[in-house]
Amino acid sequence: MMGSPAVSIERLNSSECVTAVADLMEYLGHRSFDAIMGLEIGGANGLEPLLIGSSQAFDRPVIDADWMGLRHTFGFAYLSSNILT
Amino acid sequence: MDVGGTNTDAVLLDLDAVHQESRGVLAFHKTPTTSPNVTDGIETAVSNVLRQAGRDCVSEITCLIVGTTHFLNAVIERDGRRLSKVAVIRLSKSFTKDIPPFSDFAPVLADILHGYHGFIDGGLHIDGSQEAPINKEQVLKECDAIERLGINAVVISGIFSPIDQHFHQEHIVRDIMRQRLPDVDIVCSSEVSNIGLLERENASILNASIMKFARRTIRGFRAAMRRLGLDCTLFISQNDGTVIDAMSAAKLPIKTFSSGPANSMRGAAYLGLGRMGLQDEERTATIVIDVGGTTTDCGVLLPSGFPRAASAYVNVAGVTMNFSMPHLESIGLGGGSIIRERGNNVSIGPDSVGYQLTTKSKVFGGDTLTTTDIAAAGGLEIGNPKLVDYVTPETIQSVRARTKKMLERVIDRLKLTPAPLPVLLVGGGSVVCPLELDGVSQVVVPKFHSVANAVGAAISRVCGSVDAIYSISDMPLSKVIEDAKANAVANAIKAGADPNTVSVVDIDTLPIPYVSGQIRVVAKAVGDLSLDYVADSKPLPEAEDEAEEGFTEQMKDASLSSKEERSDGKTDFDAYRPLVKRNPDSGVNEWFVSETDLEWLSIGCYILGCAGGGSPKAEFLKLRDQLRRGGTVRIIDSSSLRDDALIYCKLGAFPYCLCHSLTCPQGVV
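Chains as they are written, first to last, in our numbering: chain A, 1 to 85; chain B, 1 to 669.
In isolation and in its complexed conformation, chain B is listed as follows:
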């Protein structure tokens, strides 16, 4: 199943018939996602495919796998009703205070999520030794603050916590908090992701903010299964296209955050590749564009058929995180995206009528103009076309042009070379997309494309991983690697993989800087879902369920803040004008750096640094905040300096003073 923001799709897949023309698809159904209770849509979709397949098939179902972008949509739409306020407690006695938690969040999202943040003693040095021990009094004081504010989600964010092998600082803090605040969700950043404080903390914050909503959602899935008489295991798809059982998913929903697009890519590959008439040619990379109701997710399928992984960072809803997941670019374009006309300009999204497409859009008698209405006005057979008669050809033309530009821009971001690539176009919202795009060799729409996500979920595999620090002073590296591989395979089998199909797909050894005799090993094993495991592990759903009152909808935050839209990707490069002013005192032209300039300089510095000199992210955030507070930064050309100018030079941690060094080859250092 795929439960998206707009549609809920179900597919019944016969894994013994994958080589037939139907690719094993026995039945499929698409129905609008229901809200606030997504379970109604799930019941409709599942009961429909079961009916299509015949009466007795319920007992033959081995498992239900659900992939959902439900949580992601809550963040993208900045939906305060579904996101909890988060308190972040940083563990560092002396550092990082200039760049507090939430610095990297768009102001609108930070407004919704930021409940509280504090700094307490703790943190490690890079060699794993303690910067300061945990101080219980301080932890309890923070608990008082959190309780006073009524916050139910907490992130513990320790400096260098992923290499904390001895002190377990985050866990100590968690245990103290849990005793004091038993009903609060507590997330330890080291359990969410790896080295990279800001990105790990960002991911942990989003995880904490969606935990309550995720639990409620998963509980809804289980309830629907019970009503349908489905007595089988419930799995949830993860970001990398593998599955975990629902219990584990509820603790780390961030790992299932973006499974929908990953599934659609794998589903698109399964349905579409080999049908492109390209068998005789060398297979190239393929762009997959999955258009839902609210967002469009684009990724790259490598010639191997697997999604290209994000290199170091992924960006979800404007928040940077350090996760391993397919490289995806998401834009706010979908079948339900709201169209607004401002003079001669049209804007598309990023907000969407989502699951209410069939009541709110014009073509279904509603009062909101959406991309689907434009498609209908342009000739697509959907709803009542008379209701969109009034839409002028000019509007249709400008929406089409804008849609095309949005897609071309996102495709361009994904491509590593200018050569045109084929595009697999999937998803229910794909009707709003043009079939001809610049930079694309051909657009292919595979059979069953509208349920590609659900197909991708159904063919999911199980993953087991190991990420541990090994000592190589008393064990040779080869033995360490063997050990890590064996553990990864064992973890995959424990998570439900068929032992006969498990293989190690990824092994990485990473030296730990400034620490000798230790090495970090990351291993990943993947296998097919074992049918035996499924039969063995039928859940006891009632016992896991939490008290109902904890999940009442918080309607008070319902108003969506619209005071600031994200500026990302909206800058018109051609029209942009930097600000250069003549200084009245010195007569020198000075470039006053704007936030846009700063963003571009930061990207340039990151590239020119070639990973040396570190990421300029922290400096960028500090400068950006200074500019927002009204500060100025000026850049001048070296030719405007007087011959006797006194210049300070920032050389590493040591500033130097130069006198007129620019014309003096050696400088005066």
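Bound conformation, chain A alone:
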């Protein structure tokens, strides 16, 4: 989200970002994409990519990385999950 959080604490998140991705896909002629990635895993921006990747939107995986070196801790999830045992 760009701009001040002072707006979003009253005017709550809506589906603008999903719509914007759809518009960009149409503009670029992409029928799908491989993954979605966020700018920063912090504040509302940290969860927004999950909404875009959700099966209720584009159903694409979210990359465990952002442009400032933060992660959603896939490593933690992977290591503590049952997949290794």
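No incorrect hints appear here.
Listed next, the in silico EDC-like pairs over lysine to aspartate or glutamate satisfying Cα-Cα at most 20 Å (straight line):
hint	chain 1	residue 1	chain 2	residue 2
1	B	K93	B	E131
2	B	K97	A	E16
3	B	K30	B	E381
4	B	K141	B	D175
5	B	K93	A	E16
6	B	K447	B	E381
7	B	K581	A	D59
8	B	K581	A	D34
9	B	K360	B	D389
10	B	K581	B	D637
11	B	K405	B	D351
12	B	K404	B	E436
These stretches of chain B come out as covered by chain A in the derived footprint (C-beta under 8 Å, 3 or more residues):
hint	segment
13	91 to 98
14	194 to 204
15	582 to 590
16	596 to 602
17	626 to 640
Honestly, the hints are just simulated from the structure, not real lab data. All C-beta atoms in this analysis are idealised placements derived from N, C-alpha and C, irrespective of residue type, glycine included.
Mind docking chain B on chain A? Use the hints.
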């Protein structure tokens, strides 16, 4: 007085004798809270302290101050009999529809409280201009729906309503509704709290749902006073430990919602500090643990002796609200908490036998095992110990261990540093607590600790506040601040403060984003209760009372829904396993985000955002609802991407498209 869910406590305090060994406590009495009519317990407790103090003291009583967690318990216990169904009308033509009212409520509570919600034209932009004007036809249509459903409590929730200085949208809607639905309680969110739509709306919903019950309760208080011959003013304690007159309290019961714990902290400070043998040492912060019959409330007393305030949000019964009140953590642990054994595990609460402790618990001949029974089985002298002979040492041990863990966890949540802090243990239910806790330097139980809440209520002060938007284009800031301070002091005196003791305790100036030439000023003045004011304002209770038939108990909702318990704080961190699955098509390991993961990610994002990027709350709620509807969210490691992977990037409001940008330093943006 303190009217809790379990006990009703009364203290007679002589404010001229506060420096004596007794701290001015002339008499005190504790009696079980009676239900459904709390007034019987009040009469018992008050008449008892009056008798202890001697025959003629009735005429010397200057005021009765009541603090109560009664309303809070109704919400915590999800008691449908005492909570009204609420209709919420949001004012916003185009926004917020993805996150409807009640989104932030636990499903069980939402089931009980949600009567109806609708969206109508209205709302403001952040600069205070109108998003859309109010449309009377739409309001009347909503009134029809509300009437059809038989709902008696309505919240009007306008986007940016706290900065609505010109259009008064919420009030316009209220006036239209009031004409059409004269017998309905209408709450304007801007009168309840401040900026933060969801939190303000949550608080307004709870306020609306308890208004009827609050009126009935306060009416009960007055009736009891009349029968006792007490001809003095009735005050109600508020969340911040100050008092307001009963009339005002009935309109905004949410502001008195959590006064009990605030009072117990102030009472504990009054009774306990200076008795800890720490006078020569530097005073540290102190944790106050107040154990009632149903809940335990924990807070922090700062070295100054005042409670630490909650930073931005407070959480009551799982509902987030934006209120100024002491930072408290409440858990469902009390003297009446019900114990259940499941195999080798025991669970404690969150439900409680409450005021029925002396009839329902085993040690008093009842059939429900409570924490008090375990304390009795462990050697505490209460009731008939023979009735709990059958409780095995293993059970006692596991309940004790669980109690200790619950307390240590809540103490840990309150502490800002790992250094051990002293604990003041107060409240009638404190007998069920261990006296040794990890992370604690010592546990102190002060004299009169069992009535600390009532003592805290009795030493309450009066507050006056100002929260207004000033123009600084034609008045210098210093003058604006002086004006706000003077108004706060005047409001405190009007509310009953002694002019000689009033001082401004808090002043805050907040710029309004995107608006120049205006500033929001919040000022708070506090003073001692004026004895003259008390004498001047003896109430005319009969005139204020409402028709009796409006308060008949609604027994039809009596069954407590138990289909879902709150998951908060119940996750076993060590045993939790996230779900990672190999995608059969791509061969990539994918982390399927669960509701628990989402909750943790949301907290992490909030912290990493450092307040930039906004609160992830709205996104969290949307994602949570998607997961509950069966949606999935997958996260993958960047190393699993093909070299030519097409990646979309969510950058602010603009998505970007990157091709294989992760190995390309500049990216292809």
